[in-house]
Amino acid sequence: MNISVRNLEIHYGALRAVADVSLEIAPGKLTILVGPNGCGKSTLLRGISGRQALSRGEVRLEDTDVAALSARERARKVALLPQSPVTPEGVSVRTLVEIGRHPHQGFFQRWTPRDEHAVAEAMRRAEVSELADRRVETLSGGQRQRCWLAMALAQETPVLLLDEPTSMLDLGHQAEALDLARRLALAGKTVVVVLHDLIAAARYADVLVAMRDGRVVAEGAPRDVVTSDLIRELYDTDAVILSAPDDGAPIVISSKTPTPEGSDDD
Amino acid sequence: MSDSFVTDPVVRTRFCSFRLPRRAMELNLALMAVMGGVLLCSLALGETRLAPGEVWAALTGAGEVGHGLLVNAIRLPRSCAALTAGAALGLAGALLQTLTRNRLASPEVLGVNDGGLMAVMIVVLFLPSASSALWMVSAGGAYLAFLLLMVFSRDIGAHGHRFLVIGIGLSQLLRAVNELMLSAGQLQHVTAVYVWSVGSFVGRGYAEALPVSAGVLFCLGWSWRLQRDIDLFSYGEATAAGVGVRTTSVKIQTVLLAAVSAGLGISVGGPLAFVALAAPVAYARLLGSPRLSLLGAALCGGGMTLTGDWVGRILLAPIELPAGLVCRTLGGLFLLWLLVHPKGRGR
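Sequence lines, in order, name chains A and B.
Read in order, the letters of the first sequence are residues 1 to 266 in this note's numbering.
Read in order, the letters of the second sequence are residues 1 to 347 in this note's numbering.
No lab work stands behind these hints, which were simulated from the structure alone.
Keep in mind that a hint or two might mislead.
[Said to hold, decoys possible] Label-pair restraints from in silico Cβ distances: (1) Arg-246/B <-> Val-217/A: 31 to 39 Å; (2) Arg-246/B <-> Gly-188/A: 28 to 36 Å; (3) Phe-15/B <-> Ser-4/A: 37 to 45 Å; (4) Asp-63/A <-> Phe-15/B: 32 to 40 Å; (5) Phe-108/A <-> Arg-246/B: 16 to 24 Å; (6) Asn-37/A <-> Arg-228/B: 35 to 43 Å; (7) Ser-140/A <-> Leu-40/B: 48 to 56 Å; (8) Arg-228/B <-> His-11/A: 28 to 36 Å; (9) Thr-227/A <-> Phe-152/B: 54 to 62 Å.
[To be verified] Computed, partial: chain B to chain A, Cβ under 7 Å: (10) Cys-16; (11) Phe-18; (12) Leu-232; (13) Ser-234; (14) Gly-236; (15) Ala-238.
[As the list claims (entries may be wrong)] Covered stretches of chain A, going by a simulated chain B footprint (3 or more residues, C-beta under 8 Å): (16) 76 to 89; (17) 109 to 117.
Note that beta-carbon positions come from the ideal geometry of N, C-alpha and C, so glycine has one too.
Work out the full structure: start from the sequences and follow the hints.
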């Protein structure tokens, strides 16, 4: 499902969090949004999800305006995994994943074989099947994050939006989560991920979208857009770009400042 | 105890599919059985003691005229009134706790009870001729207080704690005015108002119980439809919206339903404190799941007031303790026991 973002603006009171963003996001590719803290990437993601009031512009899924969809229709098309979701006390992993089925359940059809299958499949993919009967609050941050990922997968939507899904994962699980995102994209879903980890973003993204101050400053394949100029523009810091020995993906490492603390006089 | 449904039997036909919440159903049946038992006790035991056979005879109209009058015209209507009020209060408490995501929310905390009390006081002290339908007056006062609360907190439930804090402020203000009126009123009126303000079912009957129970049944039916969306609300508004809950609509329905049931709850026997607060928590503890069950809270609330009314009648007989006082005492002890009890404190 193709996403068109046209002249999108989002304000929080007087603050302009997203300023005139236009983007075409294609299915079949993993799109990753990066940028410094507070650049508006999470807000843009929420704007795309249709769960954020827009000040101007529109977001279209194929030919439909996201804002015109009912909450239920939207939940069948777009799954959004928020950055730090709340899990109520005492809820088991299975119950958490099951709430992802809500948009598919009717008043009479509340637990179909399809629901059962989707939940099992989502738990398997996010690797939380063995945790199914544990209470979510007893799990580690990373395990919890995978449970929420499973919840979003159980929604079985063509569009999957993930806000920092790997912020608490160790290296192995981070690789698995991003591999999974990539496989889902390859299988035809439209997957957009917000990441603050530029190295992981550059390694996994098919399309990298870099933002600063609410605007898109670069967009394209990581190999084409990740340059030391871009890093300076985004983060105000000097960096060295290496290339990965296996596939040539850009690796960003910050350059060391030679001046000792306190003697900096520029 | 986990909230897991793995062992729940699944029912699937061409038209519907759902899981039977086995534990909740067992608990509900058990609660109803207990309530039936308490109801029988409250019909049989009091200043005049009746044997079970005599109660049955009275109910079917076969027994002594005096017994028939006692059971059918006094004890049964009064017990029905207590049951109805408690169910409404339990439901109101569960709805308010859902909305504010806070287990301390209840009509008495938010000033709804004081609003009802104030309306009753104004009528009793200043318009004594109009005091025939006090239950409507108190419900009206409760609704006005709720309306004030909504106006002051503007965005419904967007900030649960704001709603709560404004409610606490409002209740203090209303209470101050109430106490001012109490201290200035004539003694005989003040005594009448005092009994009402503690919460008691003396002299209550079908005149209040029938219209109020119709309202409570309507609220229960409505809340049955709402329960699923309310379950999702506990995951936070963003997640609920994310899986397709129309959050604004659900919030408005919850507020309306809470207001209606709170008003109904205090209209029958006065502002019984603690029932609305304790019933949802008690049910959750008995079920061993943190889920807020609207039906369960109504059942627990009804059981609490029914028991409170009966115990108040027999404990220090011939002196009658107001049901409100008994509920507060027994309910407080019960809740403390539930919270401190090591079993059920999770794994």
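Report task. Could you see if the CB distance from Phe-15/B to Ser-4/A stays within 37 to 45 Å? Result -> holds (40 Å)
**Report entry** Interface restraint verdict for Phe-18/B against chain A (beta-carbon cut-off 7 Å)
**Finding:** Holds, because the Cβ-Cβ distance from Phe-18/B to chain A comes to roughly 4 Å (cut-off 7 Å).
Report task. Take the C-beta atom of Arg-228/B and the C-beta atom of His-11/A, compute their distance, and say whether it sits inside 28 to 36 Å. Result -> Once the Cβ atoms are compared, 34 Å apart, the range 28 to 36 Å for His-11/A and Arg-228/B holds.
Query - Distance restraint hint 35 to 43 Å, applied to the beta-carbon atoms of Asn-37/A and Arg-228/B - result: holds (37 Å)
**Report entry** Beta-carbon spacing of Asp-63/A to Phe-15/B - inside the hinted bounds 32 to 40 Å or not
**Finding:** holds (34 Å)
Query raised in the report: Do the numbers back the hint for Ala-238/B, that is, is its least Cβ distance to chain A under 7 Å?
Result: Cβ of Ala-238/B sits 5 Å from chain A, so the hint holds.
Query raised in the report: Would you say the C-beta atoms of Thr-227/A and Phe-152/B sit inside 54 to 62 Å of each other?
Result: holds (55 Å)
Query raised in the report: Does the CB of Gly-236/B sit less than 7 Å away from some CB of chain A?
Result: OK, holds: Gly-236/B within 7 Å of chain A, min 4 Å.
Query raised in the report: Within the stretch 109 to 117 of chain A, is the number of residues with a Cβ closer than 8 Å to a Cβ of chain B three or more?
Result: It holds, with 5 qualifying residues against the three required.
Query - Outcome, coverage of the stretch 76 to 89 of chain A by chain B - at least 3 residues whose beta-carbon is closer than 8 Å to one in that chain - result: holds (count 9)
Query raised in the report: Does the hinted range 31 to 39 Å hold for Arg-246/B and Val-217/A at CB?
Result: Since the Cβ atoms of Arg-246/B and Val-217/A sit about 37 Å apart, the hinted range of 31 to 39 Å holds.
Query raised in the report: For the hint on Ser-234/B, does the least C-beta distance to chain A fall short of 7 Å?
Result: holds (4 Å)
No hint from the list above goes unmet by this structure.
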